[in-house]
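Novice: Below, each chain spelled out in residue letters.
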Amino acid sequence: MSTLTSSKSATSAPQPVRRRRNRGGVSPALRADHNLARSIGVFILWIVVVVSIAMLAWIVLQAFRDTREILSSPWGMPTSFDFANFSTAWNVSGFAMATLNSVVTTAVSSSVCVAVACPAAYYLSRVESRFTSGLSMYFIIGLGIPAQVILIPLFVMLDKVHLTDSLIGLNLVYIGLSMPFTVFLLTAFFRSLPLEMEEAAALDGASALRTFVQITLPLAKGGILTAFVLLLVSHWNETLLALTLIQSTDKYTLPVALISFVQQQTYSGADWGGLFAGLCIVILPMLIIYMWLGRRLTEGLTLGMGK
Amino acid sequence: MSALTTKRRRRAPAPAEKPEREHGGSSIDRQRRRLLIPFVGPAFIFYTVLFIVPAIAAVWISLNDWAGSGPMTFVGFKNYIQVFQDQLFLKSFGNTLLLLFVVGAVIFTLAFAMTLVLRDMAAKKIVRNVIFFPHLINALVFGVLAGFIFNPGGMVNTLLKPLGVSEPPAWLAQDNIFPLIMATMVMTTTGYFTTILMAGVDRIPPYFYEDCALAGATAFQRLRYVILPLTWDVFGTCAVLWTISSIKIFEIIWVFGGSSGAGIPPTQSWTVAVYTYVTAFSGLSTPAYGAATASAIISLALVSVLVVLLRRAMRRDVIEF
Numbered sequence: 001m002s003t004l005t006s007s008k009s010a011t012s013a014p015q016p017v018r019r020r021r022n023r024g025g026v027s028p029a030l031r032a033d034h035n036l037a038r039s040i041g042v043f044i045l046w047i048v049v050v051v052s053i054a055m056l057a058w059i060v061l062q063a064f065r066d067t068r069e070i071l072s073s074p075w076g077m078p079t080s081f082d083f084a085n086f087s088t089a090w091n092v093s094g095f096a097m098a099t100l101n102s103v104v105t106t107a108v109s110s111s112v113c114v115a116v117a118c119p120a121a122y123y124l125s126r127v128e129s130r131f132t133s134g135l136s137m138y139f140i141i142g143l144g145i146p147a148q149v150i151l152i153p154l155f156v157m158l159d160k161v162h163l164t165d166s167l168i169g170l171n172l173v174y175i176g177l178s179m180p181f182t183v184f185l186l187t188a189f190f191r192s193l194p195l196e197m198e199e200a201a202a203l204d205g206a207s208a209l210r211t212f213v214q215i216t217l218p219l220a221k222g223g224i225l226t227a228f229v230l231l232l233v234s235h236w237n238e239t240l241l242a243l244t245l246i247q248s249t250d251k252y253t254l255p256v257a258l259i260s261f262v263q264q265q266t267y268s269g270a271d272w273g274g275l276f277a278g279l280c281i282v283i284l285p286m287l288i289i290y291m292w293l294g295r296r297l298t299e300g301l302t303l304g305m306g307k
Numbered sequence: 001m002s003a004l005t006t007k008r009r010r011r012a013p014a015p016a017e018k019p020e021r022e023h024g025g026s027s028i029d030r031q032r033r034r035l036l037i038p039f040v041g042p043a044f045i046f047y048t049v050l051f052i053v054p055a056i057a058a059v060w061i062s063l064n065d066w067a068g069s070g071p072m073t074f075v076g077f078k079n080y081i082q083v084f085q086d087q088l089f090l091k092s093f094g095n096t097l098l099l100l101f102v103v104g105a106v107i108f109t110l111a112f113a114m115t116l117v118l119r120d121m122a123a124k125k126i127v128r129n130v131i132f133f134p135h136l137i138n139a140l141v142f143g144v145l146a147g148f149i150f151n152p153g154g155m156v157n158t159l160l161k162p163l164g165v166s167e168p169p170a171w172l173a174q175d176n177i178f179p180l181i182m183a184t185m186v187m188t189t190t191g192y193f194t195t196i197l198m199a200g201v202d203r204i205p206p207y208f209y210e211d212c213a214l215a216g217a218t219a220f221q222r223l224r225y226v227i228l229p230l231t232w233d234v235f236g237t238c239a240v241l242w243t244i245s246s247i248k249i250f251e252i253i254w255v256f257g258g259s260s261g262a263g264i265p266p267t268q269s270w271t272v273a274v275y276t277y278v279t280a281f282s283g284l285s286t287p288a289y290g291a292a293t294a295s296a297i298i299s300l301a302l303v304s305v306l307v308v309l310l311r312r313a314m315r316r317d318v319i320e321f
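Chains as they are written, first to last, in this note's numbering: chain S, 1 to 307; chain F, 1 to 321.
No lab work stands behind these hints, which were simulated from the structure alone.
The reader is advised that the hints may include incorrect statements.
Said to hold, decoys possible - Chain F is faced by these chain S residues, among others (derived, beta-carbon under 7 angstroms): (1) Ser52; (2) Ala54; (3) Pro119; (4) Ala120; (5) Val127; (6) Ala147; (7) Ile152; (8) Val233; (9) Thr244; (10) Leu258; (11) Val262; (12) Val282.
What the hints assert, rightly or not - Have a look at the derived ranges for each label pair, beta carbon to beta carbon: (13) S/Leu209 - F/Met187: 47 to 55 angstroms; (14) S/Ile168 - F/Gly41: 17 to 25 angstroms; (15) F/Val75 - S/Met197: 57 to 65 angstroms.
Think of the CB as a built atom: it goes at the ideal place given N, C-alpha and C, for glycine as much as any other residue.
Only chain F is shown next, with the shape it has when bound in the complex (with noise of 0.2 angstroms):
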């Protein structure tokens, strides 16, 4: 009790001094201080054991040759240098990039004529409502769908029949796969950063586009000089967002098309992380944790470099209302 009353004391001339509050020399600053250890420590240590620590030891693996058990032999680069001779690799990394820049700048595209639509239509939240949905839904669950959809006895066919097309495209031949997966990502995903564009549109406030009609500007100006500048930050930050996750495509195509025999899909539709999965881990070769690791270095140095190149590109003052 006694000291409560003290540091009732000792704060009491806390108006006073509150212009220098920031240096943190109150006493509640100070004893936040001190919850250091047990505020952070358990974030910190679930986060240094079960992330930091296996990404630095996923460098260390790509450098070396070993099946998993038994003895690592250190090799250098040896790894890299093979993965990328790999024609495997190289597709699997091509089909990422295609995801990557194709897909992604289909997505923004219709994502962002999206928004200029829902912007202001009528009952709005009801289609952004139904357009985010499938973001919530593993995408396994579409890779089998399509699987049904375009089997040559299914939907898609069936309705091509009236048409006169007669002899359909194979769609789930293995050429045809990966074009269709895009496709897929496409529609699944558009919908998820029309929501992420339309809250930055959202926050556009009303007086510039009052101040637009009053100066008689044109649509395509108003999209120009007002839209695009002040949601330019929010489309730096989808893109940084589509970079990351697209790298991590896996399960839309670990099952599109109900997947083939052995259990790994065609070759032709794989991903660096459908490649990396595999080398390690499918069990039809030895496995080669090195080349594996090497290439999910690959991608996250992928990543990294775009993410740097994409925060200094769409860098711009920030920007208040």
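Bound-form chain S, shown alone (with noise of 0.2 angstroms):
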């Protein structure tokens, strides 16, 4: 009752009461300034919001319904939670294999290619040269190559040394491919941490080694964290590469199970049910991920990409 009528008299008090009791001292310029325009955005935008998450549920819960049902009316709820399309996809169509293969390819090319780019990075951010700055060019020149340009010399070269339909030859591709990406974020980050503690360490005498894996590493490992999750990000989704240096089933990747999987569905029927299964397995990692380091994720790219 208390609160009501303070907050009432609050409403009705003058002017420079309420512009006081504003959220965090925000100042007036900084308000959202009220027309038509902004409000229909801001429904807008809230509708996008709405149905981007409904979507993503749908897509699960259909996950659990099997085709016909899903045929029949897609806008309908699972009956029960019958994780027998799951089983199916996992069991029969390949996705456990598939699944296996993704999470160890992303997994090990991902920390060989931070455990690679981090010193590279960090010579590159700490010694300044005419040397050093060529060679940085020579990393992001890699940035601006499409994948399709360097596609059919890589099939022939990893063809000649027997890497082609090879898990070690996928990850070696991916480990290179990623590199300037790699390099050039964490050059952006190295170049972003203090040197203040660096030149203390030197002053007692480590080693420029022991400087970088005692001190810097430390430091950074918010940033190697973030090119980490991008890489896992984008190794896990990596479909072109994958459909071309794979051939054999049981050495799939999950984006080319779930192309080879659409196909055969031109063949023997529709098995959305199925289908809707793997999807749930290509998308929910990254929903986990994004969950557990989201932030980190859209800080890295707009730390990375702000240079």
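Fit chain to chain and form the complex, with the hints in mind.
Specialist: In structure tokens, the structure reads:
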């Protein structure tokens, strides 16, 4: 009761008082101007948000229904939580193997890529000379080369050393392909770190190597994790190279398995239930990563790209 | 141990030398320099062997007639001429340009509008997080979903029926697929660029807005004279990013609408990336590695030219806040 009256008195209070009650002392210049176009914009944005979440929920829900149900009423809810689609997708359609391949490839290639790129980025960020800036440029060039340019030569090269249709080959390709981006991002990140700690370590007699391992790496944990997660996302979703380099079913990664599943359907009739289960397996790890480290992801992307 | 102490002694007068530190005279810098091979070496080798060498090899292959195995014959620019006379390539190239420019323009307009609305919206973090998420999902997923949503008995048509549309358009007819792909691209990519633009807009210090309010600037003037100039460089970066990524668009086209019988999407919706892949690996005809690589090199040339032009056009003095 007392709160009610106090809020009432606040609203009826003269202007200056009201202004002070603004959230966190935000100045009036920063407050939203209220007009029709804006309200429509806000409304549309909320619709987008609701539709996106509904879409995601819908995909997950459909994965629990069988194909006949899905086709007869695409808007329906699952009647029971039946994991039949998942178990079929998992056991019969080869998604289990594909998931395992994808997990291993993604984890290995991302870790190696970060491990290799870290020292290089450190060197490029700390030693300033014409040579290192040339070297940095050399790495940056790779950012602009689309994957399809190196697709065929890579295929031929790997074929010569019998690394096509092999997950080792695919890992190597991912490492090389992500190197420019990782070096670029980590160089930007190392540059943003304060030098004082390193100088202090040097004064204490630590060697350059030791300074890097014991001082800079722990300081840079956040940036390294960001780079790692960004690599996880891009390697998990990579399709074109996997599709080209991998031929045998037991080495398919998830996107390739999904493509082959879709293409089988044109002959064997649609299995939408299984397909939705497959989509869930592709999406959910990304959703988990995003929930867990989402802020890092967006920050990392904007840090790397803001330059 | 003694080495340690001598080092220490040597570095003792360091503070006096501080202004000269940039010359790299101090021993820590010298030590660092020696780390070139162990530190940069591995990354350099991975990158050179798996990226730069193939890229150079691509240029060479594109000048040859080659079916993958057997002899390579040097043919000069014949592949390029042949590719440019190929109706399929021209169609694919046109589609890539459509994605690049039309979809790009729509995305940037929408993203900027969304940024302006989001800038001072309540709960902007939630909205921003939700609209960013599609960027993390493989584009395959959207392609597959579109097949479900737009198929003749699918969701869109069941929605349209109560509205009196008894004969809905054949969404997934070969001619209609590409516009649908473009719409899907807009829907799934706008959020990503909104997030990046937001980061740029958030960097603008609040006193600029306060100044605007004091000077009595209208919302449009504030947009024109404060927000746009201060986020211009972020726009430039986004444009470069979109150029690079739009050239690579492949997955969504490959499976859009559930794909056709042969496992190859209808030619009306091809992009250059699809053209390259099909020409080399489809297994339908003799693989033409030369022509396929030539088409990829052409897309690389397109990217390079556009990126250089963009950097020129968007170049501004760096603004420090």
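Novice: It remains to establish, for every hint, whether it holds in the given structure.
Specialist: Evaluated hints:
1. The beta carbon of S/Ser52 comes within 5 angstroms of a beta carbon in chain F, closer than 7 angstroms, and the hint placing it at the interface holds.
2. Nearest Cβ of chain F to the Cβ of S/Ala54: about 11 angstroms, over the 7 angstroms cut. The hint is violated.
3. With a least beta-carbon distance of about 4 angstroms to chain F, the hint placing S/Pro119 at the interface is held under the 7 angstroms criterion.
4. Evaluation of the S/Ala120 hint against chain F yields a held restraint, the C-beta minimum of about 4 angstroms falling below 7 angstroms.
5. For S/Val127, the interface hint holds, since its Cβ comes within 7 angstroms of a Cβ in chain F; the closest pair sits about 5 angstroms apart.
6. With a cut of 7 angstroms, the hint placing S/Ala147 at the interface with chain F holds, because the nearest CB-to-CB distance is about 6 angstroms.
7. A least Cβ separation of about 5 angstroms between S/Ile152 and chain F falls short of the 7 angstroms threshold, and the interface hint therefore holds.
8. Interface restraint check for S/Val233: the shortest CB-CB distance to chain F comes to about 5 angstroms, inside 7 angstroms, so the restraint holds.
9. For S/Thr244, the shortest C-beta to C-beta distance to chain F is roughly 6 angstroms, which falls under 7 angstroms, so the interface hint holds.
10. Given hint, S/Leu258 at the interface with chain F, holds; its Cβ is 6 angstroms from that chain's nearest Cβ, closer than 7 angstroms.
11. For S/Val262, the suggested interface contact is upheld, since its CB lies about 5 angstroms from the closest CB of chain F, less than 7 angstroms.
12. Taking 7 angstroms as the C-beta contact cut-off toward chain F, the hint placing S/Val282 at the interface holds, the least distance being around 6 angstroms.
13. In this structure the supplied range 47 to 55 angstroms holds for S/Leu209 paired with F/Met187, their Cβ-Cβ distance being about 49 angstroms.
14. Taking 17 to 25 angstroms as the suggested C-beta distance range, the pair S/Ile168 and F/Gly41 conforms, at roughly 21 angstroms.
15. At about 59 angstroms, the beta-carbon gap between F/Val75 and S/Met197 stays in the expected band of 57 to 65 angstroms.
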